[in-house]
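So the sequence lines, in the order shown, correspond to chains A and B.
Add 470 to a position in the first sequence, counting from 1, and you land on the number used in our numbering.
Add 49 to a position in the second sequence, counting from 1, and you land on the number used in our numbering.
Hints are not guaranteed to be accurate.
Unchecked claim - In silico DSSO-like cross-links for lysine-lysine, where the CA-CA straight-line distance does not exceed 27 Å: (1) A:LYS486 to A:LYS559; (2) B:LYS178 to A:LYS559; (3) A:LYS680 to A:LYS530; (4) A:LYS680 to B:LYS178.
Unchecked claim - Label pairs and their calculated CB-CB ranges: (5) B:SER160 to A:GLN615: 23 to 33 Å; (6) A:LYS486 to B:ALA106: 34 to 44 Å; (7) B:PRO140 to A:LEU655: 38 to 48 Å; (8) A:ARG731 to B:ALA270: 57 to 67 Å; (9) B:GLY141 to A:ARG608: 38 to 48 Å; (10) A:LEU655 to B:GLU167: 38 to 48 Å; (11) A:ARG731 to B:GLY141: 55 to 65 Å; (12) A:ARG557 to B:GLY116: 31 to 41 Å; (13) B:PRO214 to A:ARG557: 26 to 36 Å; (14) B:ARG79 to A:GLY735: 24 to 34 Å; (15) A:LYS486 to B:GLN111: 13 to 23 Å; (16) B:THR68 to A:TRP489: 42 to 52 Å; (17) A:PHE660 to B:ALA106: 33 to 43 Å; (18) A:PHE667 to B:HIS69: 33 to 43 Å.
None of these hints come from the bench; they were simulated from the model.
Backbone N, C-alpha and C fix where the C-beta goes; we use that ideal spot for every residue, glycine too.
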Amino acid sequence: MSAAFRAELRKLLSTKLWWLLLLVMVAYLIFIGSFMALALTVEIPGAESPMAPGGIDQAKMIYSLTSPIGYVFPLIIGSLLFTGEFRHKTITASLLVEPSRTVLMLAKLAVAAVVGLIYGVVGTISTVAGSAPLLHWRGTGTFLQSREVLVLLGMSVLVMVLWAVLGTAIGSVLTNQVAAIIVILAFTQFVEPIARFAFAAWDATASVAKFFPGAAADAIVGTSFFSQGGAADLLGRPAGAAVLIGYVLIFALIGRFVTLRRDIG
Amino acid sequence: MRTATDITVDGLTKQFGATHAVENLSFQVRPGAVTGFLGPNGAGKTTTLRMLLGLVAPTSGQALIGGRRYADIATPAATVGAALEASNFHPGRSGLNHLRVYAPQIGVPDSRCREVLELVGLAEAAGRKVGGYSMGMRQRLGLAFALLGDPDVVILDEPANGLDPQGIVWMRHLLRTFAAEGRTVLISSHVLGEVQHTVDDVVIISRGELVHASSLDGLRALAQPKVVVAGPDPAALSGLVAQHGWTAAEVSGGLEVHAATAAEIGAAAFAAGVELHQLADAGVGLEEVFLQLTSDPSDAVSRGGAAA
Numbered sequence: 471m472s473a474a475f476r477a478e479l480r481k482l483l484s485t486k487l488w489w490l491l492l493l494v495m496v497a498y499l500i501f502i503g504s505f506m507a508l509a510l511t512v513e514i515p516g517a518e519s520p521m522a523p524g525g526i527d528q529a530k531m532i533y534s535l536t537s538p539i540g541y542v543f544p545l546i547i548g549s550l551l552f553t554g555e556f557r558h559k560t561i562t563a564s565l566l567v568e569p570s571r572t573v574l575m576l577a578k579l580a581v582a583a584v585v586g587l588i589y590g591v592v593g594t595i596s597t598v599a600g601s602a603p604l605l606h607w608r609g610t611g612t613f614l615q616s617r618e619v620l621v622l623l624g625m626s627v628l629v630m631v632l633w634a635v636l637g638t639a640i641g642s643v644l645t646n647q648v649a650a651i652i653v654i655l656a657f658t659q660f661v662e663p664i665a666r667f668a669f670a671a672w673d674a675t676a677s678v679a680k681f682f683p684g685a686a687a688d689a690i691v692g693t694s695f696f697s698q699g700g701a702a703d704l705l706g707r708p709a710g711a712a713v714l715i716g717y718v719l720i721f722a723l724i725g726r727f728v729t730l731r732r733d734i735g
Numbered sequence: 050m051r052t053a054t055d056i057t058v059d060g061l062t063k064q065f066g067a068t069h070a071v072e073n074l075s076f077q078v079r080p081g082a083v084t085g086f087l088g089p090n091g092a093g094k095t096t097t098l099r100m101l102l103g104l105v106a107p108t109s110g111q112a113l114i115g116g117r118r119y120a121d122i123a124t125p126a127a128t129v130g131a132a133l134e135a136s137n138f139h140p141g142r143s144g145l146n147h148l149r150v151y152a153p154q155i156g157v158p159d160s161r162c163r164e165v166l167e168l169v170g171l172a173e174a175a176g177r178k179v180g181g182y183s184m185g186m187r188q189r190l191g192l193a194f195a196l197l198g199d200p201d202v203v204i205l206d207e208p209a210n211g212l213d214p215q216g217i218v219w220m221r222h223l224l225r226t227f228a229a230e231g232r233t234v235l236i237s238s239h240v241l242g243e244v245q246h247t248v249d250d251v252v253i254i255s256r257g258e259l260v261h262a263s264s265l266d267g268l269r270a271l272a273q274p275k276v277v278v279a280g281p282d283p284a285a286l287s288g289l290v291a292q293h294g295w296t297a298a299e300v301s302g303g304l305e306v307h308a309a310t311a312a313e314i315g316a317a318a319f320a321a322g323v324e325l326h327q328l329a330d331a332g333v334g335l336e337e338v339f340l341q342l343t344s345d346p347s348d349a350v351s352r353g354g355a356a357a
């Protein structure tokens, strides 16, 4: 198993996509962090005064943006662990050196957790780096010594780990690389945001919206851009984690017992 | 010392929906020899090799290497080295990194990756991305992967594809060396001529079924000898052929006589006083036998004669 893990790690690190995607995520999150901090703190002469109240809640809301804004990155890099193998047909060699498809699956999920940790730490730091200076300059402080804020940042990292692992599990089901990327982009950038607002609009469907992956992730972080808008209630932190891990298990089991049961030819 | 490891394919069958890709296929491959696994494109060679390597699940029957299924061998890639297609690489990975990815699971140190690159003549290109490799270089990289674990069994699918003539000679020499070392070597090809000078044994399949398995000499025995004769009096030559009941075809500058040896024709010409300017053994028509065996199932088919 440790050899399989090392092999998977080498597969990922020997091509450049992981750091290219990481760089794009860093730039994106710094931009979003500073943009949000600017929008919520800086008074533009002549315009209406900023709407947000400031204080620790404002800081937490901005710091929590790593997952809801950046989750597409760990999802995609995670999915590539599987789809890349099928696209380039290296899955053949991978199964020649390790015929156990369960070991292959577990090794990939473990490496996804590692790459998710990298994305989570770097991504969370990027969001803070983009917003904290502005909060310090114009707002009511960075609140980076607050225990509450530190827990939130830790949870932000954890959620990014889960996104990467979920990406790998999804990749094991949708092995076509283009299809997997399109589905992930469409779901994260379009379907889920709209569905969360739409479902939350009615009481009857609001309880369902809590179980969307993005809502479950927000529940783990503990703050949500969506819920700030009064749009959705969130699950508790452990329940959110259980839901997101549940998604991982469902996809991983389908991947293992449907996709990976097939002939490789 | 090498462990003598044979390959036994027993009643192997694979159905894809209604299609029988491989049908009740049985043959053996012995150590210390090169065995050619031959058949036209679509005959089921690759499917058979993939079943042998645990990538495709047989519908029935089994394929064993040293008495065990591939997946049941501990560290299988250290016992069986296989190269299936020359296109199975990530284009953005260097040749060296391609091998380093698999080294941990084969249980070899990274230094072994450089060794095999040296062995296949890719040492110079080790750091270059595989996307920039030529077909022949990819073929060599595939071979390097197969050899990482210094395996007792070497299985190569169409290894001559994309190699230049020097490359083919080099590959032939390498495979002969492997066999001499006691390894079991199985190579597939859809062109007999490509492997004719490399193999000791042949296993020929067509439409997923075995049509012939024997030594190369066994296959040769099925072929009729061909002799090219030429002389100043073509009419006399034709008469001679007709008189002995041989068949002949006109070729440039003479006659190609079938089903007779050079000695028989020479003796007959001498006895009849027919002057000859050329009497040349044109070899046995192995390629024709191969085509005949694999073309039409209603043709005479030689089964059995299991690989010696």
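Taking the hints in turn, this is what the structure says about them:
With a C-alpha separation of about 18 Å, the suggested pairing of LYS486 (chain A) with LYS559 (chain A) holds against the 27 Å cut-off. Our distance criterion of 27 Å between C-alpha atoms is met by LYS178 (chain B) and LYS559 (chain A), whose separation comes to about 16 Å. Pair hint LYS680 (chain A) plus LYS530 (chain A) holds up; C-alpha atoms about 20 Å apart against a cutoff of 27 Å. Note on LYS680 (chain A) and LYS178 (chain B): the hinted pairing is violated, with a Cα-Cα distance of about 46 Å set against a maximum of 27 Å.
For the pair SER160 (chain B) and GLN615 (chain A), the supplied restraint of 23 to 33 Å is violated, since their beta-carbon distance comes to about 50 Å. As the Cβ distance of LYS486 (chain A) to ALA106 (chain B) is approximately 36 Å, the hint placing it in 34 to 44 Å holds. For PRO140 (chain B) and LEU655 (chain A), the hinted distance range of 38 to 48 Å is not satisfied, since their beta carbons lie about 23 Å from each other. The hint said 57 to 67 Å for the Cβ distance between ARG731 (chain A) and ALA270 (chain B), and at roughly 45 Å that hint is violated.
The hinted window of 38 to 48 Å between GLY141 (chain B) and ARG608 (chain A) holds, with their beta carbons roughly 44 Å apart. Checked against the given bound of 38 to 48 Å, the beta carbons of LEU655 (chain A) and GLU167 (chain B), roughly 44 Å apart, stay inside it. A beta carbon spacing of about 29 Å between ARG731 (chain A) and GLY141 (chain B) contradicts the range 55 to 65 Å that was offered as a hint. The given range of 31 to 41 Å is respected by ARG557 (chain A) and GLY116 (chain B), whose C-beta atoms sit roughly 36 Å from each other.
Distance hint check: the CB atoms of PRO214 (chain B) and ARG557 (chain A) are about 33 Å apart, consistent with the given range 26 to 36 Å. Distance hint for ARG79 (chain B) and GLY735 (chain A): a CB-CB separation of about 27 Å, consistent with the stated range 24 to 34 Å. Between LYS486 (chain A) and GLN111 (chain B) the C-beta distance comes to about 43 Å, which lies outside the given range of 13 to 23 Å. As the Cβ distance of THR68 (chain B) to TRP489 (chain A) is approximately 45 Å, the hint placing it in 42 to 52 Å holds.
The hinted range of 33 to 43 Å is satisfied by PHE660 (chain A) and ALA106 (chain B), whose Cβ atoms lie roughly 39 Å apart. In this structure the supplied range 33 to 43 Å is violated for PHE667 (chain A) paired with HIS69 (chain B), their Cβ-Cβ distance being about 55 Å.
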